[in-house]
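Note that our numbering has the sequence shown beginning at 2, numbered continuously upward.
Quick caveat, the hints were computed from the structure, so don't treat them as lab data. Among the hints, erroneous ones may be present.
Using 30 Å as the maximum straight-line C-alpha spacing, the simulated DSSO-like pairs for lysine-lysine come out as follows [claimed, not checked]:
| # | residue 1 | residue 2 |
| --- | --- | --- |
| 1 | Lys-179 | Lys-163 |
| 2 | Lys-16 | Lys-58 |
| 3 | Lys-155 | Lys-179 |
| 4 | Lys-146 | Lys-163 |
| 5 | Lys-163 | Lys-63 |
| 6 | Lys-41 | Lys-58 |
| 7 | Lys-146 | Lys-41 |
| 8 | Lys-16 | Lys-163 |
| 9 | Lys-41 | Lys-16 |
| 10 | Lys-58 | Lys-147 |
| 11 | Lys-146 | Lys-58 |
| 12 | Lys-179 | Lys-41 |
| 13 | Lys-16 | Lys-155 |
| 14 | Lys-41 | Lys-147 |
| 15 | Lys-63 | Lys-16 |
| 16 | Lys-147 | Lys-179 |
| 17 | Lys-58 | Lys-163 |
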Amino acid sequence: MSDQCFAAIVPDNYKNAILIQGAMDCEICDLLSHMEDVQKTELMQFPFYIGRLCGQKVIVSKTFQGMVNAGAATVLAISHFMPRCIINQGVCGGHDPALHRGDMILGETIFNNSNLRFSDSPDENPLHGCIQIGCESLRVKDAGKKYTFYHSDKMLLTTAQKLSATHQISALSGISIKTGTIASCDAWLNRLDYIHFMHTTFHSCGEDMETAAVAQLCHSYDIPLLSLRSLSNTLVHQEDYDESAAANCQHFVCALLPLL
Numbered sequence: 002m003s004d005q006c007f008a009a010i011v012p013d014n015y016k017n018a019i020l021i022q023g024a025m026d027c028e029i030c031d032l033l034s035h036m037e038d039v040q041k042t043e044l045m046q047f048p049f050y051i052g053r054l055c056g057q058k059v060i061v062s063k064t065f066q067g068m069v070n071a072g073a074a075t076v077l078a079i080s081h082f083m084p085r086c087i088i089n090q091g092v093c094g095g096h097d098p099a100l101h102r103g104d105m106i107l108g109e110t111i112f113n114n115s116n117l118r119f120s121d122s123p124d125e126n127p128l129h130g131c132i133q134i135g136c137e138s139l140r141v142k143d144a145g146k147k148y149t150f151y152h153s154d155k156m157l158l159t160t161a162q163k164l165s166a167t168h169q170i171s172a173l174s175g176i177s178i179k180t181g182t183i184a185s186c187d188a189w190l191n192r193l194d195y196i197h198f199m200h201t202t203f204h205s206c207g208e209d210m211e212t213a214a215v216a217q218l219c220h221s222y223d224i225p226l227l228s229l230r231s232l233s234n235t236l237v238h239q240e241d242y243d244e245s246a247a248a249n250c251q252h253f254v255c256a257l258l259p260l261l
């Protein structure tokens, strides 16, 4: 395997920059279009864009879709760039009836909704008796403790909440921004009974395929995390997928960066 797969050129003055993640092109394209002095590098075929955005030194990471890809991209970024915090943002499917396509979630709480233990009850509904189980932390100080839920960093979340309360982001006029819970798993679970179960049982507002993996690793390595998601679709309201919703999170990030 080529040494280029492992080596990334990281300017010394970009160590401890802010890492911003998005899984798909539509989730990072607006960020890249506003960046200055951009330098692209790759680690194990994951692309990273180093530069300045809204007055901050940033590294924009395309993680690709799915929990494994998001986890791999996060570990590579932490080990090579040593970011001072990570903003994981992008689109999700809606669970909360109060939210519509384009609305945003500030992910105060994050969990992996594939970590479920199903009951052996003969009940016809497999979700009945289903419980959430935890994953073992990688932190030595946790001594094998398992965590079910992860959280955005309190200071980052508070800053994001204060920004959302100002209603000063013109591009987000008419968009609802709610603090809540984000679920993640490697599946497209387009069933209203499942969505209702997740929302009523675990209070999920939306579901994606990356955040929980990133949150688990940020917890393990003590990296402050902020989770942001915009609804690209919601079966609850029969609102179909629209990738343009990804722009909402990117507008929010650009308004947030000068405050960090």
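Broken hints, by number
Hints 4, 7, 10, 11, 12 and 14 are the ones this structure does not satisfy, whereas the remaining hints hold.
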